[in-house]
Amino acid sequence: MTSAPTQDAPLLAIDAMTRSFGGFVALDNVSIEIRKGERFGLIGPNGSGKTTLINCISGALLPQKGTVRFCGEDITQMPASRRAHRGIARSFQIPRPFRSMTVVENLMVALDFAAKHTGSPAQRQDVAMSILARMGLASKAHVSAAALSQVELRKMELARAVAASPKLLVSDEAMAGLSSAEVDEVLDLLLSLAGEDIAIIMIEHIMQAVMRFSERVMCLDAGRIIAIGAPAEVMANARVQEAYLGT
Amino acid sequence: MRRNDIAFWTGAAVFLLAILLATVLIRNEYPFFAGYVILQFIVLAVAWSILGGAAGYVNFGTNAFFGAGVYTAVFLVQAFGAPLLVQIAVAAAVGSLLGFAVGLLTLRMQGIFFSIATIALAIIIETTVMNWRYVGGAAGIQLQRPPVTAPFDSYVKMLFFVQAVLVVISVAVTRYIQHSWIGRGLQALKDDELAAECTGVPTLRLKMLACVLSGALLSAAGAPAAMYLQYADPSSAFNLNYSVSVLAMALIGGTAHWLGPVLGAILLGSTQQVLAVTISSEVNVLVLGIMLVLFVVGAPKGLIGLLRSFSLRAGARK
Numbered sequence: 001m002t003s004a005p006t007q008d009a010p011l012l013a014i015d016a017m018t019r020s021f022g023g024f025v026a027l028d029n030v031s032i033e034i035r036k037g038e039r040f041g042l043i044g045p046n047g048s049g050k051t052t053l054i055n056c057i058s059g060a061l062l063p064q065k066g067t068v069r070f071c072g073e074d075i076t077q078m079p080a081s082r083r084a085h086r087g088i089a090r091s092f093q094i095p096r097p098f099r100s101m102t103v104v105e106n107l108m109v110a111l112d113f114a115a116k117h118t119g120s121p122a123q124r125q126d127v128a129m130s131i132l133a134r135m136g137l138a139s140k141a142h143v144s145a146a147a148l149s150q151v152e153l154r155k156m157e158l159a160r161a162v163a164a165s166p167k168l169l170v171s172d173e174a175m176a177g178l179s180s181a182e183v184d185e186v187l188d189l190l191l192s193l194a195g196e197d198i199a200i201i202m203i204e205h206i207m208q209a210v211m212r213f214s215e216r217v218m219c220l221d222a223g224r225i226i227a228i229g230a231p232a233e234v235m236a237n238a239r240v241q242e243a244y245l246g247t
Numbered sequence: 001m002r003r004n005d006i007a008f009w010t011g012a013a014v015f016l017l018a019i020l021l022a023t024v025l026i027r028n029e030y031p032f033f034a035g036y037v038i039l040q041f042i043v044l045a046v047a048w049s050i051l052g053g054a055a056g057y058v059n060f061g062t063n064a065f066f067g068a069g070v071y072t073a074v075f076l077v078q079a080f081g082a083p084l085l086v087q088i089a090v091a092a093a094v095g096s097l098l099g100f101a102v103g104l105l106t107l108r109m110q111g112i113f114f115s116i117a118t119i120a121l122a123i124i125i126e127t128t129v130m131n132w133r134y135v136g137g138a139a140g141i142q143l144q145r146p147p148v149t150a151p152f153d154s155y156v157k158m159l160f161f162v163q164a165v166l167v168v169i170s171v172a173v174t175r176y177i178q179h180s181w182i183g184r185g186l187q188a189l190k191d192d193e194l195a196a197e198c199t200g201v202p203t204l205r206l207k208m209l210a211c212v213l214s215g216a217l218l219s220a221a222g223a224p225a226a227m228y229l230q231y232a233d234p235s236s237a238f239n240l241n242y243s244v245s246v247l248a249m250a251l252i253g254g255t256a257h258w259l260g261p262v263l264g265a266i267l268l269g270s271t272q273q274v275l276a277v278t279i280s281s282e283v284n285v286l287v288l289g290i291m292l293v294l295f296v297v298g299a300p301k302g303l304i305g306l307l308r309s310f311s312l313r314a315g316a317r318k
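Chains Z and B are the protein sequences, given in the same order.
Using the working numbering, you'd call the opening residue of the first sequence number 1 and step up by one each time.
Using the working numbering, you'd call the opening residue of the second sequence number 1 and step up by one each time.
Treat the hints with care, since some could be wrong.
Derived pair list, reagent style DSS-like, types lysine-lysine, alpha-carbon separation capped at 27 Å [said to hold, decoys possible]: (1) K36(Z) x K167(Z); (2) K301(B) x K190(B); (3) K36(Z) x K65(Z); (4) K167(Z) x K65(Z); (5) K140(Z) x K116(Z); (6) K140(Z) x K301(B); (7) K190(B) x K140(Z); (8) K36(Z) x K116(Z); (9) K116(Z) x K190(B).
By construction, these hints were calculated from the structure, which means they are not laboratory data.
Here the structure is a predicted model, which means the values were calculated and not measured.
Could you build the full structure based on these sequences and the hints that come with them?
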């Protein structure tokens, strides 16, 4: 509730963020800005701090130093649920469905709590069903989330995040373990969401996907930004190749 | 939903009328004396399941809330000669404050740590009461029942009716929670607390709410016990048996639906009453243990789970 958001203000602004676990510094003085509707790729070797960074964005973790601003508002200390109300949604690297519920009920949680959808139960059901149809999960709507396959779980995580009607969607390795046809499918989905002015941070190890998707790519290594810029530039960067792809 | 509501409230009204009628028609006081305990356990099991069932936070401190209710009543009688309804209302307020305090201190802990903290709470309160002379201290205190009000002809019958009203209130609260956004939020956080939080569920606030409501009802159920026994002492008011019995009732009944704890409390509560009369009250605990083991192995979702799988199978056969 500080300064009012201006037209040119970035959607998300992280300034000098540091987070360590005991003696291990997972994020070291990281600063980035994400524009409205931007497609942002986040890469880096395992343990480089990618998940810590998005945990600090979504509120699952709090940073020890630095600030996070969303739409001009300081959200550094805000609990995750309130960030979700503001428009930050995420999927998890290892899917975390609500197992005692059906697929459509999983989406209802997001509609009720994050999007604060005020329509009648029937209207909300319609919204949830249209999101599921878009994700190719319509036939599974009334199946228990515990009975889904890995691919379906990942799609459901994205569907649940979309149901939160976010301004910023963080996708944490939504494509890991998928076949190339399925990767294309999920990628098309993310691209169409980005077309609706939803900024997307995509963490991914599948390089073709990152290259095709991102307007900008950032590479983390040992908690520091080693390169940021256009995808081709970042890929060509010697330090990135050394750290991430191996020489 | 609407039609269900009408059915529920009609059922509740019929239930209360039937009990009122029974207090007038049945002369013998004993059925009410024995039945009171079962009604009390229904309230406790239903109230416990708000936090223990819906949110998955196992509260071992039922006896702390119950005893706090008993001693709130004792204090009010000693200090002001307060009437029964005031005792219950203030006990509910004390229980909700206690729930709030417990929630504030412990709900950031998850799983077993929360449970251990609730046991500690019971010990702390019991020790405090033991050293508080005004309410009788460790020796306990005798209480004189005031004259009974019409239409009841005995105080026990009146307490029986009052406890039946508490049953209706606690079931109505639990039922409302299960059908509302609160229930969906609690279910989500029970499944996965982090995912729920990141999907916009204010997990801490919902857990606090569940803890406050559960605490208020647990203490309210305890308040009439002082007048029921005309006596209170710390080691029975804060007896760990309340925690164990109530937990067993809720789990044996099943927590997926409000009817589960009700069925569990009726089944176990009446078995306990029969055993206490025919054999001894010590056998209670043994039977409780055996039943709990049988249900955990044979029907982990309790009576409600059994009923549901039967009705599913019956449905499939058609």
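Now the hints, each set against the structure:
Taking the CA atoms of K36(Z) and K167(Z), the gap is near 8 Å; set against the 27 Å cutoff, the hint holds. At most 27 Å may separate the alpha-carbon atoms for a hinted pair to count; K301(B) and K190(B) meet this at roughly 15 Å. Distance restraint check for K36(Z) and K65(Z): the Cα-Cα separation of roughly 25 Å lies within the 27 Å cut-off, and the hinted pair is therefore satisfied. Between K167(Z) and K65(Z) the alpha-carbon distance is near 25 Å, which keeps this suggested pair within the 27 Å criterion.
For the hint linking K140(Z) to K116(Z), the alpha-carbon distance of about 24 Å falls within 27 Å, and the restraint holds. Restraint check for K140(Z) and K301(B): satisfied, since their Cα atoms lie roughly 25 Å apart, inside the 27 Å limit. A hinted pair counts as satisfied when its Cα atoms are at most 27 Å apart, and K190(B) with K140(Z) qualifies at roughly 23 Å. For the hint linking K36(Z) to K116(Z), the alpha-carbon distance of about 21 Å falls within 27 Å, and the restraint holds.
Distance hint between K116(Z) and K190(B) is fulfilled; the C-alpha atoms sit about 21 Å from each other, no more than 27 Å.
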